[in-house]
Amino acid sequence: SLRRVYQGALANLASVPPARHDLLPNGYAFGSIQTTRGCPLNCHFCSVSAFNGRSYRYRPIEAVVEELHLIPERLVLVVDDNLIGTRPEHIARAKDLFRAIIAADLGKKWICQTTINLGDDEELLDLARRAGCVGAFIGFESLSEQGLAELGKRFNILKGADLRASVARIHRHGIAVVGSFIIGLDSDTPGVGRRIAEAASRYGVDLLNPIFLTPLPGTRLWETMQTQGRIAANRFPDEWRYYTLSYPVARYQNMSWQQLLAEMEDCWRTFYSPLRTAWRVLGSLRRWRSPLIMLVANLSYRRNYGSDREHFDDLDLSRGRAWNGSDAKAASEFDDNRESPLLPAW
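Per this note's numbering: the sequence shown = residues 1 to 346.
Since the hints were derived computationally from the structure, they do not count as laboratory data.
Incorrect hints may have been included.
Pairwise CB distance ranges, derived in the manner of DEER restraints [claimed, not checked]: (1) S300 / E198: 20 to 26 Å; (2) S318 / R20: 44 to 50 Å; (3) D126 / R235: 49 to 55 Å.
Since the model is a prediction, treat every value here as computed from it, not as a measurement.
Backbone N, C-alpha and C fix where the C-beta goes; we use that ideal spot for every residue, glycine too.
Taking the hints into account, I'd like the entire structure generated from these sequences.
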């Protein structure tokens, strides 16, 4: 008989061929490349370990450098979910990769995703800069240890980093920081949007990327919220389109969807206010010769949120009542399809 879910084996990255960049049309601002897969952290909200496994696997360094030669764009997005990893052997491999890129003299600039431990290692930062790194997307996730524990992101707690000092060290090497935070945790209370924006400003984050807590299929967060009857956007397959991190889709502990949207609005308006944006652009003069890039990036992020906001009217906000922990049965009243499809995380 057929199984409900078939799980394939994880790919051996040594045998993964380079992407066919020659098939893409011209005109893209960024090229892209992947050098690792998997993540050992297995945070409750994150689909990476569900999709690519908890084993942190590398492509051969020579294969990465060879593919970089094939990418026509000067700017490259390294799509690894965590380019440097979390353990000493991961970081040693990242250093070797950066040395190989430096030796290849490719003349490319690139942006990556990583954890806050990027700011702990001066040699790593120096090599990353010399290899062409100009920006790092870092998941701060929550302002409190309670929130980080709720998300299962114990790594950030264990690091105990002085976040402002970590960001400053990254900046000293000419690398911009995009900070990601999550709104909608059970420990979040009214005012969290403004608190996140103000904290990100104190840390020195160059760009802020706040998202809604989203139970992606395959994650532990999905399993928990589904068991509790908290998945509110559950008319599948039509409502998969809301699972983009830009919409509230569950029932949240302390706030309704209307309240969460107001918190998100306050977060964006506070961080990307004209005055704060001007201060960030002026501050970038000390680190980059072209503050125009920082101005354009800030304005672009602000415009993107305005575009997202235009689509909120498509979602019936009355379904997103606050959840008090004892009304799981009531949460299922909107479910038109009780047997939700089991989809892999993406």
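Going down the list of hints, with the structure as the test:
| no. | hint | in the structure |
| --- | --- | --- |
| 1 | S300 / E198: 20 to 26 Å | 22 Å, holds |
| 2 | S318 / R20: 44 to 50 Å | 47 Å, holds |
| 3 | D126 / R235: 49 to 55 Å | 51 Å, holds |
This entry satisfies every hint, going by the numbered hints stated previously.
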